[in-house]
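According to this note's numbering, the sequence shown is numbered sequentially starting from 1.
Quick caveat, the hints were computed from the structure, so don't treat them as lab data. Do not rely on the hints blindly, as some may be mistaken.
[Unchecked claim] Computed beta-carbon distance windows for the label pairs:
no.: 1; residue 1: Ala-288; residue 2: Glu-175; range: 16 to 24 Å
no.: 2; residue 1: Pro-58; residue 2: Ala-268; range: 35 to 43 Å
no.: 3; residue 1: Pro-337; residue 2: Glu-69; range: 27 to 35 Å
no.: 4; residue 1: Ala-188; residue 2: Arg-279; range: 49 to 57 Å
no.: 5; residue 1: Arg-279; residue 2: Pro-107; range: 47 to 55 Å
no.: 6; residue 1: Thr-4; residue 2: Arg-212; range: 45 to 53 Å
no.: 7; residue 1: Arg-49; residue 2: Arg-304; range: 40 to 48 Å
All of these numbers come straight from a predicted model, not from anything done at the bench. Positions of the beta carbon are idealized from the N, C-alpha and C atoms, including for glycine.
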Amino acid sequence: MSSTIRTISLSDNEAARAGEMLRRGGLVVFPTETVYGLGANAFDAAACRRIFAAKGRPPDNPLIVHLTELGELRWAAREVPPLALLLLERFSPGPFTVILPRSQRLPAVVTAGLDTVALRIPSSPIARAVIRASGVPIAAPSANRSGRPSPTDYESAVEQMWGRVEAVMRGPACEVGLESTIVRICGAGAEVEVLREGAVTREMLAAAVRGRGELLDPDETVTGEAAAAAHAEPTTAASAPAIGPAIAPGMRHRHYQPDAAVITAEPADLPRVLQTHDRNQTAALMLAASAPGSGSGGFRIEMRFQTVEEYARELYRAFRQADRSGCSTIIAELPPPGGIGRALRDRLLRAATA
Numbered sequence: 001m002s003s004t005i006r007t008i009s010l011s012d013n014e015a016a017r018a019g020e021m022l023r024r025g026g027l028v029v030f031p032t033e034t035v036y037g038l039g040a041n042a043f044d045a046a047a048c049r050r051i052f053a054a055k056g057r058p059p060d061n062p063l064i065v066h067l068t069e070l071g072e073l074r075w076a077a078r079e080v081p082p083l084a085l086l087l088l089e090r091f092s093p094g095p096f097t098v099i100l101p102r103s104q105r106l107p108a109v110v111t112a113g114l115d116t117v118a119l120r121i122p123s124s125p126i127a128r129a130v131i132r133a134s135g136v137p138i139a140a141p142s143a144n145r146s147g148r149p150s151p152t153d154y155e156s157a158v159e160q161m162w163g164r165v166e167a168v169m170r171g172p173a174c175e176v177g178l179e180s181t182i183v184r185i186c187g188a189g190a191e192v193e194v195l196r197e198g199a200v201t202r203e204m205l206a207a208a209v210r211g212r213g214e215l216l217d218p219d220e221t222v223t224g225e226a227a228a229a230a231h232a233e234p235t236t237a238a239s240a241p242a243i244g245p246a247i248a249p250g251m252r253h254r255h256y257q258p259d260a261a262v263i264t265a266e267p268a269d270l271p272r273v274l275q276t277h278d279r280n281q282t283a284a285l286m287l288a289a290s291a292p293g294s295g296s297g298g299f300r301i302e303m304r305f306q307t308v309e310e311y312a313r314e315l316y317r318a319f320r321q322a323d324r325s326g327c328s329t330i331i332a333e334l335p336p337p338g339g340i341g342r343a344l345r346d347r348l349l350r351a352a353t354a
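Starting from the given sequences, assemble the full structure and let the hints guide the process.
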């Protein structure tokens, strides 16, 4: 951006003020249960273009539109297939996004020109209060500079967006810490494809659609950009040639990268990888259940997480702590590929240095 915007800090009980700013075309950063979001009035094309400028976001990367209840789907969606409604009823409010045919009320900038829109209903009381106060759907990607780790606390949001938006809202650290799961309905309305992994896991989705539809196995999805982006290693997906906009946010471009080089390791390889790096310049991120020899101290930063959920919640803060501490390398253990572990692996692999 060419000039600095006067930014103010809002407390978590100033939803009415934040809503008014959004309604009038301002940009407001606010907390959700996943990450802090950078919000704009989704009906205001000029305001939504400012999101892309503030983030340095490629224009082919569509935005997620946030609502407060299912009754507001008509604001942004042209229709809601039965299986999509079933999933929205099961997982909303929460860290769940579904791709639907878009309403023509939404400007093309929101959807990167696509005829579909990504919609979700956050569970964060602060986010819902802000959206409700605005009286309009809110387009809100994560409040980070494009490609950087998403902010999961107020301080990180300020660091990323101060001087680029009208307001940053003070709130708690995010409960989930990873961006929402994104799905789309395909196969004549009977199949669910996961486009981005998140806290609403494949296991949860499979249970929800049992008897009503089918959750596509990523190994059986062999065509289309969604297959390349959602199921291949992120380094491959990020560098693969593509024509036109991505079908969902966060599918094409490299994401989540700190300044430090991220090196991932499966549990069996972790001790060897750790031994090959200068401990004074390294941050080591591991699960507590890792073998004792995986980390014997001496690293500039060493974090052991008790659960995969804690690892996911703290990942982006750990990245920022490593950068602030001057680490040149982050060695991160890859969690088992089950439950939210799939989403965590996705973020780690996308952050990893090619």
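Comparing the hints with the structure gives:
For Ala-288 paired with Glu-175, a C-beta distance near 20 Å keeps the hint of 16 to 24 Å intact. For Pro-58 and Ala-268, the hinted distance range of 35 to 43 Å is satisfied, since their beta carbons lie about 37 Å from each other. For Pro-337 and Glu-69, the hinted distance range of 27 to 35 Å is satisfied, since their beta carbons lie about 34 Å from each other. As the Cβ distance of Ala-188 to Arg-279 is approximately 56 Å, the hint placing it in 49 to 57 Å holds.
With their beta carbons about 51 Å apart, Arg-279 and Pro-107 fall inside the hinted range of 47 to 55 Å. At roughly 51 Å, the beta-carbon separation of Thr-4 and Arg-212 lies within the given 45 to 53 Å, and the hint holds. At about 43 Å, the beta-carbon gap between Arg-49 and Arg-304 stays in the expected band of 40 to 48 Å.
Every hint from the earlier list agrees with this structure, and none is contradicted.
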